[in-house]
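**Q** Starting from the known structure of chain A, arrange chains B, C and D on it as the hints suggest.
Top to bottom, those sequences are chains A, B, C and D.
At position 240 of the first sequence the residue is numbered 240 (my numbering), and the sequence of numbers has no breaks.
At position 125 of the second sequence the residue is numbered 461 (my numbering), and the sequence of numbers has no breaks.
At position 69 of the third sequence the residue is numbered 734 (my numbering), and the sequence of numbers has no breaks.
At position 797 of the fourth sequence the residue is numbered 1610 (my numbering), and the sequence of numbers has no breaks.
In case anyone wonders, no lab produced these hints; they're calculated from the structure.
Model, not experiment: these values are computed from the prediction.
Backbone N, C-alpha and C fix where the C-beta goes; we use that ideal spot for every residue, glycine too.
Don't take each hint at face value.
As the list claims (entries may be wrong) - Which residues of chain A face chain C? A few of them, derived with a C-beta cut under 10 Å, are: (1) M64; (2) S67; (3) V254.
Stated by the list, open to error - Using C-beta positions, here's what the derived DEER-type ranges look like: (4) C:R811 with D:G1054: 17 to 27 Å; (5) B:M632 with D:L889: 50 to 60 Å; (6) A:P267 with D:D1776: 45 to 55 Å; (7) B:R492 with C:R811: 44 to 54 Å; (8) B:R469 with A:E171: 52 to 62 Å; (9) A:D245 with B:D434: 46 to 56 Å.
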Amino acid sequence: MRRPPGRGITDLVERLLTVAEVYAPVERDQSVVFDRIESAREAAIDRGPAALSPKNLVFPRCEMLLSSSTRGDESGRAPDPGPGGPRVLFGVRPCDARAIALLDRILGGGEKTDSYYIRRRESLVVISIGCTESLETCFCETTGGGPRSTEGSDILLEDLGDRCEASIITEKGVWLAGQIGLEHDPAGARTPRGPAPPAGPAADLAELKKRLDRSFEDQCWRDIALKCIGCGVCTFLCPACHCFDVIDEETAGVRVRSRIWDSCQFPAFTEQASGYNPRPSAAERFRQRVMHKFSYCIERYGMPGCVGCGRCVSRCPVNLDIRTVTASFLGDGGEP
Amino acid sequence: MEASAIVRTVRERAAELLASGRVDLVIGFEQGSMPMRAAPCFVSDADGTDRLVWNSFCGVNLARFLRGRHGRIAVVAKACDTRALVELIKENQLCRTDMVVIGVPCAGMVDSAAVEEITGHAGITGVEEADGRLLLTAGGSPVSLPREDVLCRSCRRCSTRNPVICDIAVGERAPEPEIPGFLDVDQFAALPSEERRTRIEAEMKRCIRCNACRNVCPMCYCVRCFADDAFPQWVGRGGDPGSVMSFHLVRALHLAGRCVECGACERACPTGVDLGILNRRMSADVYRHFGYRPGMAPEIPSPLSTFSPGDPEDFMLEPDRGRSCGCGG
Amino acid sequence: MTTGENPSTAGWEPGIVAFLCNWCSYAGADSAGVGRHQYPSSVRIIRVPCAGRISPFFIISAFLEGADGVLVSGCHPGDCHYTSGNLIARRRFILLKSLLEHAGVEEGRLWFTWVSASEGGRFAAVVDTVTKRVRALGPASCLRRRFI
Amino acid sequence: MTMKPAEPTGAVLVIGGGIGGIQASLDLANSGFRVYLLERLGAIGGAMAALDKTFPTNDCSMCILSPKLVECGRHLNIELLTNSELLALEGVPGAFIATVEQKPRYVDIEKCTGCGECAGVCPVRLPDAFNRGFSTRKAIYRLYEQAHPPAYQIDMNACRRCGLCARTCAAWAVDLSMEPVTHRLEVGAVVACPGFETFDAARIANYGYGLFPNVITGIEFERILSASGPTRGNLRRPSDGRMPRRIAWIQCVGSRDIHRVNNGYCSSVCCTSAIKEAVVAREHGCPDLEATVFHIDIRTHGKGFERYFDRARNEHGVRFARSEIHRVFQDASGDLILRYPEGGAVREEVFDLVVLSTGMVQSAANRELAARLGIELDEHGFCVTDTLSPVDTSVPGVFAAGAFTGPRDIPETVMGASAAASRAAELLSRARHSSTRSRKYPPEKPFGGSRPRIGVFVCRCGINIAGVVDVEAVRDHAAGLPNVVYAVDTLFACSQDSQRMIREAVSEHGLNRVVVAACTPRTHEPLFQETLREAGLNKHLFEMANIRDQCSWVHQAEPGNATAKAMDLVRMSAARARLMKPLAQTSVGVERSALVIGGGVAGMVSASALADQGFGVHLVESSGRLGGNALRLRSTLDGSDVASFVKGLSERVSNDPSIDLHLGAQVTDVAGFVGSFRSTVEEADGRRVEIVHGAAVIATGAEPHTPSGFLYGLDPGVLTLPQLEERISAGDPVAASCRNVVLIQCAGSREPGRPWCSRVCCSESLKLALEMLDRNPGIRIYILYRDIRTYGLREKYYLEARERGVRFLRYDPDDPPVIERGDREGGAGLRVTATDTVLGERFTIDADLVGLAVAVVPSGSSRRLAGLFKVPLDEDGFFMEAHAKLRPVDFPTDGVFVCGLAHGPKTIDESIVQAGAAAARASLVLCRDSIEAGGTVCVIDSAKCSGCGICALVCPFRAVEIDAEEHRAIVNEALCKGCGLCVASCRSGAADLGGFTDAEIHAMIGSFTSGNAGR
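Extracted from the complex, chain A is given alone in its bound form (with noise of 0.2 Å):
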């Protein structure tokens, strides 16, 4: 059962609100989504889960890259150039902290560095709170993670009610705590606190991997699929998912371009200019979803391209959930 988030969160929020520009989970149109708020109240922590994961922040849908004018004039606009001072990221599950970790490896990390990203992601301090309960779509430790990972985090919370306890994990949790007078509470995070929620079983991520490299070209991709309509809803909602596609457009003389999400899932994905498309049906599409997540990351970033957040899980229209196929793998036979 939800029980509304404690005195001492709502009192850190405020503190917040003072020295950062605070986004945290609001209820827009009866669902909760990650905005900006300008007072504590505004928060919808007790809210359940945000419908879409936080990664609009530092990986927006649609980014302008730059504009020019077709008619020769200086009427084009300059791209945005992001956030002015320090952005608090509040009240995220720590499998959304952990997604960002993963976004950090792929795209502000190693040789190749997204600019745009990282405009964004360094004026960003994430804050989460520790989850007291599960879902039935939750599967955090299914992917390596648990209710209090602190990977991604820069703070991780527990909510105690009247109070909350901190660990403060990065550097920049440390400024931040500095700013507001929060305090590390090692003390905390030794507090039992009863049992940690279930999140789905713990499962052999390396032989997980070694099975599914061993099936790509498998017929059960075909019958996985059968039901797959090609929608992007598993790879929008999903924290990890970071592919993108760059558009130009044009209007009244301006021209624009920039980066939208792109998904695996649909078929122009991989469509080349000619009309042939390598992954030519829902299989081939759904097996590059799975391999990425569970095989391909693993490979380049030394994690999991999944944090069992569950949103796919639960708003899969014809419920495909990537938790069956998993386990199929996993199962006696090797193979599902």
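**A** Okay, now just chains B, C and D, sitting in the frame of chain A:
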């Protein structure tokens, strides 16, 4: 007929069809991975028919899954699925002779999100149905809800509960509701333009262009959707609100006279956009102006493929109307 | 409807896109020219073979690209050069107008009419009426593209 | 068979530029003959140009006429001779010399751009005859706004020779020194369609026409209704400009009148015309407008007219009063008072406006013309033609059509003109293509992959554009647009100099698209497209921005806005031009033979005309015998011998080597399309043969209705008219010795299940009545009727019958005559009881025989055949033509034509005319080696097509089909007319229209705003 009896009959008929070789495939529903979920399933041998179920969560329109498949197919279809089949047959997408319709009367499907809302997101771990009620296990405790209270929005205004085309009828005919008309449309239309716009813009703002509404729709089968076409790009793919709104406007127009109001799009939308707010306008207009209800009769031509000399014209500008008249003021 | 100007848009003139069928309405616009019927300079005409050629895309696209009003005109019923193009189109137009207005595009932005080849005066009167109505409504914003 | 001259001249002189002359000219010029079209006035268009709407569809007259004016005016093989008169015709059929005098126009047609600046400065104002004096024009003027040729002319009778116009004209087109020119034209044949005049209403002084301002004629009323007329379509009465609320029409003014004027004929069109005017007045006028038509009979005998009449009465509330009005009175306010008998008393009623339905008469000019042609006229001045060769005049090689040959409506005129064209083509078939001209163009430059290089030519149009629009600014704006490599302004873009400039610019600057910012593409696009072709560019690489009609002429007081708009229009055109592609034309071969279905008179006439024109014909007749319905006729009302005509025609058809006769055969399948149909014919012996043909003529006739009631079939004394005629012809003793015969009209017509007038029955009844009187002068004949519809010149037989004692008794359809078995001694007598509505008395007639004028109903085979050819039937089951007025024998589907009773009830002479017309129209297809297809046609991207079929459903021309195997739409380019209906219907973006592609229009929309930020 009890739900369990319907399930038994569906399984028996499906098994017979497959065993006798009359069909190569049966498309129906199976129990989903959680309570309150039923998922489309594809059964190609008689042994597999035990997977088939029928309950209040079979909201997906299965007509969506017949196109492009070879061989003869049986489909477990509720009224709105059959209405979509009728339109698809009319549009040369399906061949009536290649399908066997196992028709199931429908008392409306349950909106699982509404159930979750009512039960305070307590976590539903079990669901059974009896006597028009849902018997739920919510947060570990039993809860009983009348189905009527948690029906999908589209089902609450449903006008056709029995299959329009049917080869094998399962269950007793459901009483057809009085056609509820278009009260919702009229009420919305009565609002001031500015308020309508605000309401619709609020809906459209939630759209993330994931295409679930389009892809789950049985009538959206274009090889390439206008929204994905780059030349000409009628509607932008980016985030500008005008383009998002236009995407839904054009989709509503493309469905005008074809939308069977199954509500599959609304159920599929991950952000809960009230797509009916546009589609219902078209349904009302098509019915009132052209007397047409999609999917009700294969022989009646689609309303946008024809015309009547007496079609309404009062929407048109008549600059001289009243002006040239010297006696009426 | 008042014809009074919104003070914030004083001096502002609407941009209106007109789609005219070649055989009647475009000819009617020509007749307006030949007859020197003066009308407001707000309209940009796009010639199409038949009202039946006018896809809903044209109209929605015009609003997207910044039109403050759209005018569509074809042959009077019975005059269609292609027999019945205007009548099939009429059904599309009924629905399109209804839908756009339902969605909050103000009544008075989108206009349909019939103008015949000889009706130069009527064409001018149509443009006059449409311009007045659109001017009173001010700049359109409902569908206009704004990049974010 | 026509005696054919050995080496005829392949040119025809067409006299009269009305719709008849235009139709004949186009048919001849499009089938390989050179045409000289002679028009007395300064522009073609004739009476139709003055009409507001046309019945029974209420189509806008100008809308349907103006494309024909333009086509005629621009046709390479039609030479327009306006302001011209025939002086003499010499020679023999096949080789005439026509002497024509062309009066000076004082304006050079080649130079005049129609801008009208001259009329603006002309100081002389005089009543405008085209608007019947309700408005004024200048001494330099154009007949009407859409006139063709569009050049102005000077009325020298009014001109003061001040020279202002000449000085104002920037094109140097005014030439006051012009002299008359005499042309000697070598022509093989003459088609005379000089039309009619309306009766001068002032001749009947009682109506006060000319004295009372609010008494006007029908044609004047049409001008008042017309949007381009003196009141711009606002219904106003002349005296005080008030909108009339009560309008009366008085019918038969100058027609059916042997007492006040010697016009014994019926003008045939006025009843339906008055109905149209009343209906349109009710639409235009105030909501409570009262329209009353005072008439003798209502003669709505044409196709669809009776329904029109019904609707006028029942839906539009038009009142019909059966009263002859003898006098109109005017009161002090200008209102008009009519007195008429009603229910035994005289009723007086006040009207705001009285419209006189004046009849058709022949002018002195036409009499003069006839004299010069040497052709015979009747007492009323109408050209005499034979009933069974209805477009042949008394002079061989001279054919006539339209109202010159008797009162005719528009479709009758169009059919007559086509039939006359066919007769001329039969005479001159050996000279087809011998006198025509064609243009040769250099090969098109290769286009593939070239970057757009756009040239923009901005026309100043003298001061017409440049006087308002800042042309230099527009030119400079154009020069800065993407892909525009050349921009220039020119004084007159349409001048010969400018054409050379465009050609040179194309080669010098490597232009591959051309934009001309000038006037309207409707008139000028063909000219520039020709220039492009001469420059080696595909004609579809051309685009026009209309900155005259849409800018300078309509925003004269706002030069700044007009200039800004002109820039926008040019920018939109350039945006479109960037995306234009050359469109290929392909050729589809033509099989030079026709399939004619139906071996009645219409089918046989059509077949023999086509054979005479030099084409092969397959004539399929389902019965074993040629002749059809005409086999039942012995003669016509005017005594022409139908029996020998049919016999002769049958022999001629049977013996013609180019006619392949299939008796007892049926068409069972039709495939293919115009130019190459493949039809399967099942022969009498069951064999199936495939016939390849380029065109098809449907002439399957109609059937007499089998009546129910009236004791028909129960009493041998009750017969249908055809049965009665057979009995009379056979010299049946009963028929010969009768004392009393009753003929009942409208037995099955004009009633709910068959709401049409069967057109022929009144005349047929008169024919039988007169014949019975001839054989048995003592016989008493009663004709029970609703309206006597002896339209046109047939009216004289109605007069004759009345004079000879035939009793005409009018019954009410709600109280139809009752027939019972009589109890008279000596045989099976019949008793007919009815109420005479004129006297209001019930009467009883003891009759020996009763003849029922049964309805003409569609042939049982029509529906099947319509399905095979994919052509429509009307709501009554007759074949429905493509357009009731101007395409009366065509179908929307190319290459298929209809004639005779299959199209609707008509008399034998009308069937013969229509059969000739069908032959003329079919010859347009058959005379060509190939049909050009492509260009502005629909193209399907099959990769996007999902085969839903909406395109095929909406296509009016059956040009799109869904391929059964590929499951994709395919377009038959030869049938596609390029309307784009399917394109806008296609949800998948699979259909597109060449020349008006989605991408082009999208580009125009996308560039319409000036791009000012914050707009």
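**Q** Work down the list of hints and note, for each, if the structure agrees.
**A** Hint check:
no.: 1; hint: M64; verdict: holds (6 Å)
no.: 2; hint: S67; verdict: holds (7 Å)
no.: 3; hint: V254; verdict: holds (7 Å)
no.: 4; hint: C:R811 with D:G1054: 17 to 27 Å; verdict: violated (52 Å)
no.: 5; hint: B:M632 with D:L889: 50 to 60 Å; verdict: holds (55 Å)
no.: 6; hint: A:P267 with D:D1776: 45 to 55 Å; verdict: violated (24 Å)
no.: 7; hint: B:R492 with C:R811: 44 to 54 Å; verdict: violated (36 Å)
no.: 8; hint: B:R469 with A:E171: 52 to 62 Å; verdict: holds (57 Å)
no.: 9; hint: A:D245 with B:D434: 46 to 56 Å; verdict: violated (37 Å)
Checked against the numbered hints above, the structure breaks hints 4, 6, 7 and 9 and satisfies the rest.
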